[in-house]
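Peer 1: All chains, full assembly: derive it from the sequences and hints.
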Amino acid sequence: MILPVQRRPHRTGGVAPARGRIFHFLAYPLYCKHMRFKHPNGFTIVELIIVITVISILALVSYVGYTGVQRQAVERTVQSDLDGAMTGVQLYYRDVGEYPTSLPATITATNGNTIELSVSETEPHYNYLTPVQKGVLLRDICDEQIAAGQGQGQNNGGQTMDYVVRCDVWNYNRMQIEAWQTQQWNTPVTEAALVDYANSYVGHDQQYNPNATEVVRDFYLDMVDTYKRRGGSFPIQSFWDYWAAPGNGGVMEEPLPTPTMQTYFCVEGTSENYSDIIWHFTNDMRLVEGAC
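According to our numbering, the sequence shown is numbered sequentially starting from 11.
Hint data in this document are derived by calculation from the structure and do not stem from the laboratory.
Please read all numbers here as calculations on a predicted model, not as lab measurements.
For each residue, glycine too, the CB sits at the ideal point set by N, CA and C.
Check the hints yourself; a few may be wrong.
[Said to hold, decoys possible] Taking lysine to any residue and the SDA-like style, the derived pairs with C-alpha atoms no more than 20 Å apart in a straight line are:
{"no.": "1", "residue 1": "Lys238", "residue 2": "Val298"}
{"no.": "2", "residue 1": "Lys238", "residue 2": "Arg296"}
{"no.": "3", "residue 1": "Lys238", "residue 2": "Thr200"}
[As the list claims (entries may be wrong)] Pair ranges (Cβ atoms, derived):
{"no.": "4", "residue 1": "Met262", "residue 2": "Glu201", "range": "21 to 29 Å"}
{"no.": "5", "residue 1": "Asp215", "residue 2": "Ala255", "range": "35 to 43 Å"}
{"no.": "6", "residue 1": "Trp253", "residue 2": "Glu282", "range": "52 to 60 Å"}
{"no.": "7", "residue 1": "Gln247", "residue 2": "Leu68", "range": "54 to 62 Å"}
{"no.": "8", "residue 1": "Asp178", "residue 2": "Thr97", "range": "42 to 50 Å"}
{"no.": "9", "residue 1": "Leu68", "residue 2": "Asp153", "range": "55 to 63 Å"}
{"no.": "10", "residue 1": "Thr270", "residue 2": "Glu126", "range": "20 to 28 Å"}
Peer 2: Structure follows, in structure tokens:
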């Protein structure tokens, strides 16, 4: 006997079997639960905050980079202006035989920049100094500055204090600058050592003597500048023995030679838009960063 064929209902029609209906009945809540945690289209608040933060950082980096490039361009114009001024001053000296007391009309600055010439009094300049004479020159300048009151300052009560007291040479291999923090300078004395000490110096009693740091720093820096301006060079290899006399074997102090008198000048270039851009040059015709 041939049994009749049982036809399954078409997938797109008919009634699902009972077990299918049971499966859909049980799975539907899970499906709905899953759908509730799906992200909606667009950004969430957290994602928006992250995007805004990233954009802000990129904008800041771009701005800093742009201003840095702009500053470098301005600094180059200041240096270029000073190069031109240097040439003008040298031509004036060649034609007249002395340095100008004011900038020639041919020397001009780029728009937004300023060039100024400051002239000091005539001062001595020494040539061909011996090693001992270099030490003598440094000691003499140190004494001059103390006599002029450059080692003095005021405490917070308005009293005048001696922060740098005197300059002593006892032996040929060192010089001592007596101050609140006395410092011995052993040979060879280099420019870098003096300048580094000045720039790193901090007075030990800042609460009551806040000016001590500035006074000592300026004292050392001025001493170095004046020393070089008057013909001194570094390193200083020798001082002298205070007890030395002819025939006793010590290193004797040597008098300085007869100087030539020179007018010291300084040409300074600045920017109106960047107050920290300052360059200058002096008689040695070297472009140096910083004020005169």
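Peer 1: Determine which of the earlier numbered hints do not hold for this structure and return their numbers in increasing order.
Peer 2: Those not satisfied: there are none.
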